[in-house]
Each structure stands twice: as C-alpha cells, then as structure tokens.
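S.K.: Let the hints inform the model, and build the full structure from the sequences given.
Protein chains in written order, with the numbering used here: chain C, 20 to 666; chain W, 733 to 1218; chain Y, 395 to 706; chain L, 5 to 229.
Just so you know, the hints here were simulated from the structure itself, not pulled from any lab data.
Owing to the predicted nature of the structure, the values given are computational and were not obtained by experimental measurement.
Every residue gets a Cβ at the ideal spot worked out from N, C-alpha and C, and that includes glycine.
Careful: at least some of the hints might be erroneous.
Covered stretches of chain L (in silico footprint by chain C; criterion: 3 or more residues with CB under 8 Å from a CB of chain C, positions within the stretch not fixed) [unchecked claim]:
1. 115-122
2. 147-156
No more than 20 Å apart at the CA atoms, straight line, and that leaves these computed lysine to aspartate or glutamate pairs for DMTMM-like [claimed, not checked]:
3. C:Lys183 x W:Glu1094
4. Y:Lys549 x C:Asp348
5. L:Lys157 x C:Asp177
6. W:Lys1173 x C:Asp177
7. W:Lys1097 x C:Asp177
8. C:Lys226 x W:Asp1138
Cβ pair distances, simulated, as ranges [to be verified]:
9. L:Ser37 x C:Leu639: 54 to 60 Å
10. L:Thr112 x C:Phe665: 23 to 29 Å
11. C:Lys484 x Y:Met395: 46 to 52 Å
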Amino acid sequence: MMNLLFVCGLCVFFGVTLLQAVFAARASAAVRRFSLWAMLCANLLLLAFSLTIVLRNSTFYLNLYQISAAMRFSFSVDRLAAYFIMIISLVSATVCLYSLGYVEHHGSNTGKNFLLAMMSLFIVSMLLLVASDNTFSLLFFWEIMSITSFLMVMFDRDQADTRKSGLFYFVMTQMSTAFLMFGFIAIYHVSGSFDIAPVTGISETFKAFIFLSLFIGFGIKAGVMPFHKWLPYAHSASPSNISALMSGVMIKVAIYGLIRYLLFVLTPDRWWGVMILVFGTFSALLGVIYALKEHDIKKLLAYHSIENIGIILIGIGLYLIFQSYGFSDLATLALIGSLFHTLNHALFKSLLFLTTGSVVNATGTRNIEKMGGLIKVMPYTGILFLIGSVSIAALPPFNGFVSELMIFQAFLQSFIISNPFLKIILFLGLSLFALTSALAAACFVKAFGVIFLATPRSEEARKAKEVSWYMIAGPAIIAVLCILLGIFSFQLFSSLGFTLPITNMAFIGLALLVILGLVWLIMRLVGNRTTRRSETWGCGIISQHSNMEYTASGFSEPILTIFRPIYRTRKNVDRNFHDPGRSIFKDGIAEIHTFKLFEERIYLPVAHFIEKLSGVVSNLHDVDLDTYILYSFAAVVILIIAVGWFI
Amino acid sequence: MLWAYVISGLGIMGFMLMRFSRSEKRADYLNTLAIIHSAIYLILSVIALIKIQQPSYFFSRYLMIDRLSVYEVLISCVIFLLSSFYARGYVRRLVHSGEIEVRELTLFYAAYNLLLLVIVFAFYCNNLAFFWILLELTTILSAVLIVTLNAKENIVAALKYVFTASTAMLFSIIGLIILFALTRHATGTGTLNWDTLMQQAGTLSPRLFTFAFIFIFIGFAAKAGIVPFHTWLPQAHAKAPSVISVLLSAVLLNIGIYGVLRLYAVAHKTTAWHTVSLILIGFGVLTIIIAALSMLPRGNVKKLIAFSSIEHMGFLLVGIGLGTPLALFWVLFHTLAHALVKTQLFFSAGILHQQYHSNQFEDMKDVFALQPLAAWGLIIGSMAIIGVPLFPVFLSKLNILTQLADYSLPVMFVLLVCFLIVAAAFAAILIRTIPQSSESKLEPYHVSLSMQLPIVILFAGIVLIGVYFPAGLHDMLMGIVRSLGF
Amino acid sequence: MLSFLIYALVNTVFVILISPLFVSLIKKVKAYMQGREGPPLLQTYYLLGKLLKKETVYSGNTSLIIRITPYVNVVCVIAASLFVPVIYIPMSVGGIGNIILFLYLLVCAKFFMALAGLDAGSTFGGMGSSREMTVSAVIEPVIIIVFAALSLLLKTTNLYQMFAISLKSSLFINPSTLLISLSLFIILIVESARIPVDNPETHLELTMIHEAMLLEYSGPDLAMMEISHAIKQTLLMAVLINVLIPWGLTATPGVLSVSISVITFIAKGAVLAIVVGVFESLFAKSRLFRLPNLFMLAFFFSFSTILFELLR
Amino acid sequence: MINLPVLDDITKILFVLVLATAVLIITVRTLSSLFNIYSVQSWFIAAVAFVMYLKTGSIVLLLLTILTIAGKAFLVPYVMRRIQKSMNMKRDVEFRYLTPIGSILVGTAMIFIVYWSFSKFLPELSSDDLFIFGAVIGVSLALMGMMVIFTRKRMITKILGYLTMENGVLLFSLFIAELPFIIELLIVIDLVMLIVLATVLAFGIDSSIDEFHTKLNSFTLWFKE
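M.R.: Now the structure itself:
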C-alpha cells in the first residue's frame, strides 16, 4: 500500500520530466496542463503517504535501486522525514495548481516545457533527498536539487542580473555541496559506511569539524546569515512559482538535513546549541532589517525567508541547549516549535510568493513604489496576500503566531537554566527575537500598505487586472491552511501525542468570534449606519494625487534612521564643470548605494583574491617554447636534487 | 591474433595509397577506410576480450594481452570509431572552409590510422622500452596530425608538443636503463618486461627502484600532461582539429597514465610503494591545483576543456597513488568516464568552431538558435565533467575522495576546493556565453548526421554508465585490479 | 467553565465602562496643571455617545481595510481584557492569560490600525502608521524583556498566576518589582500614546502619531477606535497596578470581595491616572529619534532586574 | 675481449672531450660550425662505443658504433645542413635566460649535482666506476642539451640541443649493452624520425605555409613506406 503510493508518485514525476524534456520543442499548452495536473495528483499521493506515517508514527523502508552495493538508492521514512515530505508535497501541490495559470505567461514554448521538466525533477529530488536513508543518495539528490533549481533560476537568461544571480547561486550551491561532501566523507571515514546512523567513538575536535562543515554546508543552502547572499538574488531572478518552491521548500530541506544530523547522527555539545542560537538570532534580525529597506518585493520576501530560517535555527539552538541540560519537555517545546514554524513558513511564504507572482504579472514590475491601490482591482489576491502578511507578522490566531509563541515560551522559561552567563545570552536573544518579530510586522504593514492600499502609483498598477482562477485557487488553499493550522494547533499537537504548555488557540478563536458577534450586534443597535463617500482630507487640497501618498521608502525611513549603523551607505558623485578651474558646475551624477557589508567585505574580496591568483598562474602558460623547456629543466633538476636528498 | 591487427591496419593503409581523381569523393573514401579500420579493431578487441585467456604472450613475450590492456584498447577503439564517424562530416567541413588542403587528406588519414595501430600496440606491448618507443611514435603522429591544418600556430603548437614531450621522454630512457641495470644486478639477466618485473619486484632494491621510477615517471608525466610537464597540452588541444583533440585528450593521455599505473603496480610489490604513492599524490594534487586555477580566466572553449583534462589526469594520479584496490577500481572507471565525457565535449566544441570559426566564447552568439545540439552537448558535458550526479564522473569522484579521506582529510579538502573552482570556471563561462546574442544573424550551417549522431550516442552512454553499473564491467574492473596484484 | 464565562462578562464590561473615565481623568489633571478648568469627568462618555449618533464618512480611495479595522481593534482589545483580571483572579482556562498572547493581541490591533492609516492614501495617515510601527518595533524588545523579567521574578508566564503570586508574596519591598514597574510605566506611556512619545491633543503633523492614523475616521468607527484605545490604556494600567500594588484584588469570587477589588481598582487607577497626567504635564514632546533613549532606559531597568535576580 | 687499463683512461678522456663539445654547442654562434661540432661529438660517442666494444666484445656495441656514425655523424648533420641552406640563415646570435658564460657555469653545477645525486645510488648497481662516470656524464650532457634548447633562439639550434640530450642518453645506454639490440635500433630510428620531423617543422616556422606542406608530404610519405 505505502509502497504503491510512494512509487506511483515518483513514477508520475519522472514520467512528467521525461515527457516535458523529450517533447520540449513541440509540446503544447494542453500537454503542459496535463503534466501539471499529473504532478498535482502525484503530490497528493505523497501527501497521503506522508500523512499516514506522521499520524501512525510508523516507519517505511524501501530499497529502490542500487548502482553498487555501497551506492544504494534506499529510502527510509520515519516521522521526521515524513513530516518534511508532507511539507514538500503540500506546497508543491498548491504551486502546481497555481502554475496551471502562471506558466503560460512567460517565456518561449520550449522554455516553458523545459521549466516544467525541471520543476518536476526538482520536486522529486527534494522528496527523495528527504527520504534517503544513506548519505550517497542524499548527496545524489542534493546535487540534482541544486542543479535543477539553478537551471530554473536561469529561466529568463537574457537579463544581465539573472546571469549574475545564476552564477552567484551556482557557486554558492556548489560550495555547500563541497562542505557537505567533506562532512559526509569524514563521517564515512570514521563509521566506514554511507548509512545515516549514529557515529560514536570520535574525538571531540574531529566531531566539531564534522559539525562545522555540515553546518556550513546546510547553512549555505538554508541561507543562514553570513552565507545568505545568494538567496535574494536567486529568488528575485527566478519565476515566482519557482521562488515559492525554493523559498518555501528547498531551504527547509537544508533545515531537515541539519536536524537529521544533529538528532540522529552526531551527539551535540552545548556550544553547538549556543552557536546555532547566535547564528539564528543574527540571521533573523539582519534578515528583517535588510528586508525593511528593500523595494523589490521578491527580494523583500527573500530577506524574510532568511529571517524565518533564523527563527527556526533559534528553536533548534534552544532545543540543543535545553537538551544538554536535560530539560527534555522544554527541549521538545522548542524543537516542535521550530518544526512547526518550518511548516508555517513553508505555507505563508509560498502563499506570499505566489500572490506576489500574480501581482508582478498584473503590474509588470517588481518595484513596490510603482504599485498601490491594487486591492480594489485584484481583491482576491489582495485578501490572500493580507492573510499571508498577517501570518508572517505572527498575529494571533494565525499559524505564524503559534510557532513563535512556542519559541517565546521556551525562551521565557529559560530561567530554569542555572548558568547565569548563558541565561543572559538567552535573554538578549529573547529581546532581539522580539525586535525581529515587531520589525517583521512593520515591514509587512509597509509591503501590504504600499502594494494594495491607497491609490495606484503608476499606469501599470491602474490597469492591473485580477488574475486567473488557478492563480487564486492555489494560494487560497494555503491561506485556509494558515488559519486552520493556527486555530487548531493545540488539538493538532495533542492528536500527534504532544501535550505542550501553549494556549488553546481554538478557545481564543472562539472568544474572538463571540466578541466580534457581540460588538457587531451592539454597533447595529446603537450605531448610526448611514455612510457617505468623500475626498481624503489633504489640508484642503482638492485633488488627492498619488504622489502625495506615503512611499515605501518614506514609510521605512524612521526605522532606517534608528538602525543607521547597520546600513552604511556609500555616495559616489561625479561632477562636470564648464571651466578647467572646476568652479562653474555644468552637470553631474550623484548616487547613494547601501553598503552591502557581506558582499563587499567577504564575498568579493575572496573572489578577487582567487581571480588574481588564477591570473598569475594562467599567465605562466601563455609563453613560448623556451620557457616551457625551462620549466621542465627546473623540474628535472629539482627532482634530481630531491632524489639525492631524500631517498 | 595480433597479426590480425597488423595486417588489417597495413591493408587499410595500402588502400589509402590508391589515388582517386575527384577530391570530394576522396575525403569520404579515406574516411570510410578509417571507419572500417576502427570497426575492425573494435571487433578484434572484443574477440580478444572474450576468446583469449588473459594474460597471454606473443612474439617472445614482447607483446601481451591482459585484462588491463584489453580494457584500455577497448576504450581507445570506441573513441576512435566515434571520432571516425564524426570525422566524416567534420573533415568535409574542414576542406570546405579551407582549413585543410585536399592533398593533405591522405597524410591526415594515414597518420590517423597509424596512430590507432600504434596506440593499440602500445597497450598490448609487454616491454617497457618497446612501450617507450611506441609512446614516442604517438607523439610524432599526433604532431603530424596537428600540423596538417593550414596555420602557422599549429606548427608552433606541434613543435612545443614535440619538444616538451620528447625531452621529458629522454629522461625516462635514463630511468629505463637504470631499471634495466637494477634488474640485471638483482637477477643476473636484465629485463624490462612488465610480467617479469612484477615477478621480480620483490627482489629489487626499493631505493633504486624509486630512483628509476622517478626518471621514468618524468616521461610518462609529460605524455599524461602532469604539471609541470603539461605545458604542451593546452595549445596542442586547442589548435588541433577537434577530432584530433578528442584523440589527444581521451586516448593519448590515458597511455601515460596507463604506464604510471603499471609501474605503480610493480612498485606496490616492493617496499618502495609508499614513497612512490607520496610522489604520485604530490604531483597529482599540484596538477589539480594548477589546472583549476588556470581554468578560471580562460576564454577559449577548447583550452578550457584541455585544462580540465589536465585536472582529471591529476585526479587519476592521486587515485593511483592511494593504491587501495577500491581507489584503483574507481581510477579505471574514471578513465572510461573521462574519455567519454571529453569526447562529447570536444565534438560539441568542434561543431561550434565550424559555426563561428573561433574557439573564443565571446564570439559564440545565439548558440541555442544556431547549434542547439552542440550547445546542449557543451552544457551537459560540462555538468558531467564537473561531477554532477546522473553522470559517471560523480561516482568515481565521490569514491576516490572517500578513499583519499583515509589517506589525508586536509588534502581531500584542498581537492574539494579545487573542484569548486573548476565548477565555477565552467559555470562562469557557460553563463556568460549561452545567452549572448548578436544583431548580425549568422546562418546555421547544416551539421551532417555523422557529426550529430556520435554526440547523441555519447550522451546516452554517459547517462547509462552514470546510473547503471553493469555486473560485467564491475567484474572486469575487479579482475584488472586483482591482476595488478592489489 | 461557567464561572469563567461570568468572570469574562463582568470583567470585560467593567473594563469597558471604567476606561473612558480614566481618559478624561487624565485630561482633567493635565488641564489643572495648565491652570485650566478642563472637561467634565464624563466628557469621554458624551463624546462616544455623540460619535455613535453621527454618520460615517469614507474617503473615495479607501478599501475594506478601513472598514474592518475598528472591529478588529475592538475585538482584539476586548479579547485582551480577558487576560487582565481586575475584579478577581479566576482559574485560567485553555491557557488564557498567556503574556505573549496578550501582547500580540495588542500588536494585532496596532497592525490593522497602521494599515488603515495607509488606506486612505493621505500623507498624515502614512506618516502616522510609519511612526507608530517604528515606535512599536523599538519598544517591543523592552516590553518582552520586562515581561521576561516578571516571569523570571514570579516564575510563571501566565498573567493570572503572576497576579496571584504577587498578591500572596508582598513584593512591594522587593526592589526588582519597583524597577519593573518603572519600565512598565514607561511602556504604559508609550502604548497609550502620551507625551513625550506622542501628543494626544493636537492634530499637528509634527507631533501626532496615533491621532494621525485616526484622521480619516468618523462616526461610530471613530467611537470604536477611541474606546479600544481607552481599554488598551486601562489594561496596561491594570497590569502595572496588579503587579506593583495588588492589594484588594481577590482570588476568590464573591460579591463582597469583588466589590472591594472593584473599588480598590478604581481608586488605584485614579491615582495612577493622576500620576500619568502629572507626568505628561511635566515633560515636553520629544523628537521621534530621541525616543530610543527613553526606551533604552526602560530596557536598562528591566535588564538590571534580570541581573538582580541572577545575582541573588 | 681486450682488458687494458689504458682503455678506461681513453674512455675517460673521451668523456671529457664530449663535455667539451657540449660546452661548445652551448656557446658557438655560427650554425655550420655548430653542425660540425655536433658531428664531432657523435664521432666521440661512437669512439666510446667502439672502446666499450673492445673492452667487452659484445657485437651490439660494434653495431651501435656503426649506427651512430652513420646516423649521427653523417645523416642528421646532412639533413640539417640542407634545411639550413633552404632557410639560408647563417648564425644564431641571440641568447635567452642565460649568457653563454652563465650557461657554462650552470652546466658545471649540473655535473656536480648529478654526480652528487647519482653517486648515492649507482655504486649499488655496479662497482665499475666507468659506469658511474658514464651515467653522470650522460645525464649532465642531457641537461646541457636542455639548456641549449631554452637558451638559443633558432629552432635549428634547439634541435641540436635535443640531439645533444639524445647523445647523452646514448652515452649512458652504452654501458648497459645487454639491452636487446632490436630495441636500441628502434630507439635510434625513432629518434632520427623525431629529429627529421622537428627539422621539417622548424623549416615550416620560417617558410611559407605552402612549401612547408609540400615538404611535410614528401617527408611523411617517405617514412610511411
């Protein structure tokens, strides 16, 4: 039964890949629609599969195929894996539904077909990655995931910035693979097998090395702060349904890997927890702060992914710390919190990316300064985006709030830890975490307000139309899930066998509903219900104009001013003068750029160093015969001396 | 058995000398002969693989057929067959674009077939000195093949090749003489036969063996393109017609590695082997580092591919140096994988070169519009060569690295970084190339089927061995490793 | 369960009824400090009544956001009022009384208010919501850390239990409580939009934050916004009171005890309102970008409390 | 099979003379005299071979002597002279990396280094000090030839340098007479072919591509039969 579900799902995916890839040149919109529906069904199959495992808390093993004895594609799905499979298939299903409407808008016929082929390969590689029970297949599908996503990022390859993003993404993703390979092979070196099984009897330092390389490897993919740089580029470059998949699911896969190796393979030390906590906190804070100043809506969302990954990491860090002190129920609270936040973020982030895709389609720009007033022309999309914003801003009773509540609870109860130093760290982390979520709320007031409210700021925005049915249905499902998961979280956990010290949101929801009813009733009774339409009050200016509105930059300006030290800006001014004495000013250009700290202090210097080095090395080759012979001569002489010396 | 090779080979060459009047026909005629030649050799080798019990010796033990040599010969024959097919269309293009004179064709194909003959016997020969001679012959022949094109740079490239390779080879004669003296001193009668060396290895003095080994290694390294004797390689590969670049990169380099492998097998029987391992791994890592760094600023597609060949040779050297059975197993597999992938890359590059008459990336505009197949070949080949899953290089890379981890983790880390740089180099260039388009639309020329077919076949083959490991291959490789005494 | 429902009803109604009183009381005090007569104590009730009778005017640019916001606000603060017992401390049901939830209900109200500020597309509204979100973002860590300090002090994260514990143990002598209540007071000032953070009287774009968002409101909607603001203020006052000087608040329902606690609460609330009024008249509206210093002060107080607790 | 100590002395003298010729090849500028020096060097090598023949009496050495004289003292210089005529250049005056003096110094250093290195190993192989001498002289001759290749500018001279290296190797190999004759022969033929090819290529460098190809054809056809 389970086998059937699993294998059928996979077969459909591979079938779709083949179909789309082989007929890439010819396949028509009908074929595409067919394959999308097929993918949707396959996702549902796997959803059913994973849900049964999650609910029954059983495990599932399947040795699908093996290249050689050492290199098996064998899968074992336990509750954790099934949970992530659930996330993947759920989000992918909705994305497929959305894509039914979306894909037809972009690119050449071949391009679309190829995109679908890659998309299905991408989804299936993520599923199998999570299901893998040995390092080999994990690495295998990890690479395939990276490559397919890279190809999809390159989808509209004619834009220059897409190319830049693509290169950036490719290099970073290869780097993460390299680090993972190092870690895995190091594990193999001690355990002597590719199985994902507890490693024992290794020295502390060696274990630390393994942990660090794995953390970097997964961290790059998850977009943890110092390694996050690829994320905004890649997400803004790729088509929106792909961004939804990447940001909603792919970076979660990295989280899965981290959790898997921390829980089931390595035996963590306390400082790992602290380290992860610190990294998480900074990713969260800086992520949201960078998001505040973004006006490219997709970059903004990408930075929020970084923030939420940070929150998830905070949860994991807390888990490790509490575990190391033996407060197992608090640890469980933190871990479940971060896992639940993983699900929630997957949901509302894909919801946001999908709706953003619709908006970008409708307006033809990613710059929110050019939008505005869209809720009147595309109300459904607007409402969906609002739900997404409310959940990502962690407002009760939505799902985002519940997971953050759990992490807050874990934080607040950290007073039972004895070590005062650690306690102070935790309280600082707590305050920064609070700051993060407040800023997130601010950021989404800005995003929603500027995109959907007030009057249109550009012709495109004025002419925008509501998108097709598919592109509303897909997000709508997620939106409903966001609410349900929020309200019935308590019942959910108890049905899974976790009784956690959190508020019963169903109760709160009920209370809110009752109060709403009462208030509404009262207002009906006592309130005057006549309304009148009129102008916005503009100090007596008769015609309200869109460029009198508050802009996104204006909105975030006070916060930016307060956090000025974090965004350093660089001005470059070049002036032209009429006279040689440079006194009579003709014209000039003045620009202010935000100083991209990580890019300009870490990434580019390293890249430049390597470039310089390789330049030197390759210059050695561009010479004539004499020099070549000289090289060999020197080499031979050195060899002769070395032989005489050593042997 | 081996006579069959000689006779058929010489017969083919006899046919070549027959003059034909019309030039167009001549190209196809010669090419047909070449195809027949390589086909016959392939069949013969398959027979040799199945019928003849390995090892068996011929000509007073100067020649032998054993598992390893048959394996290498098979690879070479397959590559030769594919490139003969490819050459059919390609040479026509060359003639058409005036890059090669019709009168050169005889010379070209003569050298081509002779090269096949020589290579096969280089693999089959049992005697080191004889092996050395054939190795020199391959240098000469490939030099001739390079200079058949109408360009001064080709002569320069060929000269560089000849000088760099053969000066190094002279030192390996010195090594041979020392080895010979060593065996004579050890057992009374000197010998340079592989099999006898294997038997007598125990009696040789490790110090002197290492001494001899280093000198012999210099020559083989030059042929295999190991830093610092690799200098000839990039230009030779870049200037040669793509068919020949394929042979240089996918077949000739293997011979050098093959020699090193044999020698290492002998060394493994002495106590000198860990010194030798050290030397090999040292040179291998150096090679990989230099190659990886030189790939970043390349703008020339064929040079890029050539440098990646250097890098892979270094990797093979490292694998040999590890000297564990698994490592060698995967080294052999990697040889196959590398040969196939390289062939595909150079074929695609050849098509593109015919389109743009340049190997520079920035000249290649609207690649997808003009030459979709070649573009895909280039992309897929690059992915395969940087070791992406679905492709065989990934398997061998992973496994050799795993073996390397037991030798030294830091070295492995260095290699990972180098591979990262290589990947970046490929990605950077492809990403820069693929999207660029030009206002002046070129006409896509008609790529004949004989040029497209090999690429498709190779793609299928690569993916096949990338995900499916036939038991036969597995047993064969295991057999080779065991026959080498590991 | 039933008892809880009764509690909810009574408590909520009481809070709703009492909060306008405090508002106008503060106004009165300020008027006295400025040497004016000031409005009558029931002024706010009159105001609300008048607004309920008036018609609602919506700008042509607005969307449904501006229409739902008043309901969201009222609902959220009333729900929050369940968390702050002022008449007596019931048994917590379904985790009601959780600090975080309490705070986030208030944030929810604020979120929608800010959206509504942007909805009409007027410059003032945008400015108001921008400033509001800024201030709330910066004050958020302070609030959290204050409550963290409380939970550290009282070893619980539930308001009911907090009050119960502070009721049992005489915390007045405990310096930590004083420190915390100082920062709680600052929070009260900030959240109820008072000088030096905000200026509730004027409608000058230079000073206003909270009012700017309400500019487009009129009629019953405005009434709802006002009452919810008043309730929010009362709730924060209640928290401060019940933590610092909980006497009079009972843990056992009963006519006598409840009436006692009601009376005491009104008294304490009045005192606190007067303090607030005096405080407001002593200070001048400070620049927006000076505010972080004030918040840092609160942060310092609460963090030093934590250090106190750790060192003990 | 004569065994006279004088033979050893003669051999040593010949070694010295060979080195002297090598030094000359490094320094001399006129091409024609370079060729002469080279053929003289080959004569010396042949002489060494002959002496060794007298000493050991193995027929292989005699054949080698003849081969060397035929191939290296006559054929190769002849071919090169023709090439030189057709390219009509007289002198090769430019030096790179090393001045003649410098290269002589380096060459001497090479001899010492090689001696220092080899004397640690070869005594194990044979007690005969001529063998060691031969090895040292041979290898250092090869290295000097290499120096010629990368110090001189003209292709022709480079080829001479290569030939010198080859002579060195040959000199060394004389002491391992058991190396089967067939292989010796093949090696020599091989090298000769290499030389001819290199010469033709060198010709191609300085001549028009067209006549180069005619030459190439004739030459390759010649060696295919």
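S.K.: Hint by hint, note whether the structure agrees.
M.R.: Hint check:
1. Residues of the stretch 115-122 of chain L lying with their CB closer than 8 Å to a CB of chain C number 5, which satisfies the three-residue condition for coverage.
2. Only when three residues or more bring their CB closer than 8 Å to a CB of chain C does the claim for the stretch 147-156 of chain L stand; here the count is 6, and the claim holds.
3. Proposed proximity of Lys183 of chain C and Glu1094 of chain W is supported: the alpha carbons are some 17 Å apart, at most 20 Å.
4. A hinted pair counts as satisfied when its Cα atoms are at most 20 Å apart, and Lys549 of chain Y with Asp348 of chain C qualifies at roughly 17 Å.
5. Annotation: proposed proximity of Lys157 of chain L to Asp177 of chain C is violated, straight-line Cα distance about 49 Å (limit 20 Å).
6. Distance restraint check for Lys1173 of chain W and Asp177 of chain C: the Cα-Cα separation of roughly 17 Å lies within the 20 Å cut-off, and the hinted pair is therefore satisfied.
7. Straight-line distance between C-alpha atoms of Lys1097 of chain W and Asp177 of chain C comes to about 12 Å, which keeps the hinted pair within the 20 Å bound.
8. A distance of roughly 16 Å separates the Cα atoms of Lys226 of chain C and Asp1138 of chain W; the hinted pair therefore holds under the 20 Å criterion.
9. Roughly 35 Å separates the CB atoms of Ser37 of chain L and Leu639 of chain C, a value that falls outside the hinted 54 to 60 Å.
10. For the pair Thr112 of chain L and Phe665 of chain C, the supplied restraint of 23 to 29 Å holds, since their beta-carbon distance comes to about 24 Å.
11. For Lys484 of chain C and Met395 of chain Y, the Cβ-Cβ distance of about 51 Å falls inside the hinted range of 46 to 52 Å, so the restraint holds.
Checked against the numbered hints above, the structure violates hints 5 and 9; every other hint is satisfied.
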